[in-house]
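> Start from chain A and add chain B according to the hints.
The chain contents come next:
Number of protein chains: 2
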Amino acid sequence: MEGSNPALVSGVVKAVLFDIDNTLFPSNDFAELARRNAITAMIGAGLTADADEVYNKLCKVIGRYGPNYPKHFNALLKELGVKTNPKIIAAGIFAYHQAKRGISPYADVPKTIMHLRKRGYRICVASQGRALKQWDKLIRLGLHNMFHEVFVTPRKSKRFYRSILKKLKLNPREVMMVGDNIETDIKPARQLGIITVLVAPKHSMKGADYTVKNIGELPRIMERL
Amino acid sequence: MEGSNPALVSGVVKAVLFDIDNTLFPSNDFAELARRNAITAMIGAGLTADADEVYNKLCKVIGRYGPNYPKHFNALLKELGVKTNPKIIAAGIFAYHQAKRGISPYADVPKTIMHLRKRGYRICVASQGRALKQWDKLIRLGLHNMFHEVFVTPRKSKRFYRSILKKLKLNPREVMMVGDNIETDIKPARQLGIITVLVAPKHSMKGADYTVKNIGELPRIMERL
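In order, the protein sequence lines correspond to chains A and B. Residue numbering for the first sequence follows the numbering used here, starting at 1 and increasing by one per position. Residue numbering for the second sequence follows the numbering used here, starting at 1001 and increasing by one per position.
One thing to keep in mind: the hints can contain errors.
[Unchecked claim] List of simulated lysine-lysine pairs, DSSO-like, C-alpha gap at most 27 Å: (1) B:K1166 with A:K83; (2) B:K1100 with A:K100; (3) B:K1057 with B:K1133; (4) B:K1169 with A:K83; (5) B:K1111 with B:K1202; (6) A:K187 with A:K14.
Simulated from the structure, these hints should not be mistaken for laboratory data.
Chain A extracted, bound-state conformation:
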């Protein structure tokens, strides 16, 4: 890991934490694409059902079992009243991963991260989920070598952000958290005094210190601090 150069850091912020899903890349868009791709393949492999009905049932199944359950497609066939069938399930999994592996970062993300690194900030990930899955996303996004530190927790809480401050040996006002989710990215971080930036590409929302439409606006915020 490289050290940051404190001499170059403008203002008080020394480290920037980034959420991954819907902050570094359009996770929801890809999730929908991958689900629809899987359903097309399952119908191609012999599943007799209406694609939109299957999509709604798949969303229901994922909602019920959570995103990390390993057998969504088995549960889906059960939900559809179809006997389990390895050809159909394998076709779905393959097509799902084909779509998912094509993930790309939001256009401004790589250049903004590299720009902030050059300016001397410590660039970190603060993400919720399973460490292996989140690292896999960073690898597929081609961002895995751009971060000084990657922090992953099962659940974002004040405790999680406090542990990051401790590991980085920084005060809250020296850290900026960037994310799309008010409840997990903004509230607990802001309560500790961390400077928060909400990424809201499609909607206007309140609750953070700053709100941006995309990551490319960050350098200008840094300059104003």
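The following block gives chain B in isolation, referenced to the frame of chain A:
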């Protein structure tokens, strides 16, 4: 599933069963490629170790836990005395699958299967392993729509081949089994009276009714029956 046309079947054989690994594609070659690719990526992600030493330890770990154990790379790091690290493990898994997803059938396989189908034979898979994993291989090989039936068992035995005869409603002499493994593909099938063909691309081995270097030789054997 299409039915076969009995009028076109030459001689007595009506169905041909194919093993998958090292029969339809060079599984061992791809396994070595994928393991070496994974190790290169893990070293790139920060693992400090000699690639050949890591390769030998990985083979040892896979031998110990079996091919379907889901945490080979965790066990590998433990074996190497390295603390578990999601970046290194995710890099290994990603590179492993990148190599594995590139599998292709032996050159003669698709055209021979299509030729035999045209001649009226029922073309089936008789494979050992997990159904989902074997279907995934057929999909990646682009062969998944070429088979009339796919039979997968955790362990090939006389009982497995007997259940196939029952499902196909055929006598042993009406069925041909094609595979590379004497113990699992040839012996139990031959004991039931199934006509056996050993695929031995690199070595000369005995124990089957026929031995071929590649699948492309099958039509000539059919003609002689």
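> A separate judgement is required for each hint: does it hold in the structure or not?
Verification of the hints:
Between K1166 (chain B) and K83 (chain A), the direct Cα distance comes to roughly 21 Å. Compliance with the 27 Å bound is thereby established for this hinted pair. About 17 Å separates the Cα atoms of K1100 (chain B) and K100 (chain A), which keeps this hinted pair within 27 Å; it holds. For the hint linking K1057 (chain B) to K1133 (chain B), the alpha-carbon distance of about 24 Å falls within 27 Å, and the restraint holds. Annotation: proposed proximity of K1169 (chain B) to K83 (chain A) holds, straight-line Cα distance about 23 Å (limit 27 Å).
Taken as a hint, the K1111 (chain B) and K1202 (chain B) pair is honoured in the structure, with Cα atoms around 21 Å apart against an allowance of 27 Å. Between K187 (chain A) and K14 (chain A), the direct Cα distance comes to roughly 20 Å. Compliance with the 27 Å bound is thereby established for this hinted pair.
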